[in-house]
Amino acid sequence: MVSLGATGIDRETFLDIVVNIIPMGILAFFVVFFLLYMPWEENLFLTALSHFLTIFPLLMLILVTYISARVISRDQHA
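Going by the working numbering, 8 is the number at position 8 of the sequence shown; the sequence numbering is gapless.
Bear in mind the hints are in silico, worked out from the structure with no lab data behind them.
Be aware that a few hints might be false.
Okay, the calculated beta carbon distance ranges per label pair [unchecked claim]: (1) LEU61 - GLU41: 23 to 29 Å; (2) HIS77 - ILE26: 27 to 33 Å; (3) ILE17 - LEU53: 33 to 39 Å; (4) ILE17 - ILE55: 19 to 25 Å; (5) ILE26 - THR47: 31 to 37 Å.
Please read all numbers here as calculations on a predicted model, not as lab measurements.
Note that beta-carbon positions come from the ideal geometry of N, C-alpha and C, so glycine has one too.
Let the sequences and hints guide you as you build the complete structure.
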C-alpha cells in the first residue's frame, strides 16, 4: 500500500474521497473571488454573512472528508 505522506491515507482511500475535491475547489474559488472582487460592501453584516456561507461549508467539507478518509482507512486495515 502506498501512503500519501503524514496523513497515513493510502492510495485506495484517496481515490474514495477524491470526489470531494471538486466541491472544495468550487468553494475555494468563490471564497477567493468574493474576497478579491467585493471584499467589503456598505453593509458589514451582509458581507460577513456571505463570507461565512462560503467559508464554513468549505471548512466542514474538509473536516468531514478527513474524518471519512481516516475511518475508511481504519476499516480497510481492520
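Hints, one by one, checked against the model:
1. In this structure the supplied range 23 to 29 Å holds for LEU61 paired with GLU41, their Cβ-Cβ distance being about 26 Å.
2. Distance hint check: the CB atoms of HIS77 and ILE26 are about 32 Å apart, consistent with the given range 27 to 33 Å.
3. As the Cβ distance of ILE17 to LEU53 is approximately 24 Å, the hint placing it in 33 to 39 Å is violated.
4. At about 21 Å, the CB distance of ILE17 to ILE55 agrees with the hint of 19 to 25 Å.
5. Checking the proposed 31 to 37 Å range against ILE26 and THR47 shows it is violated: the Cβ atoms sit about 20 Å from each other.
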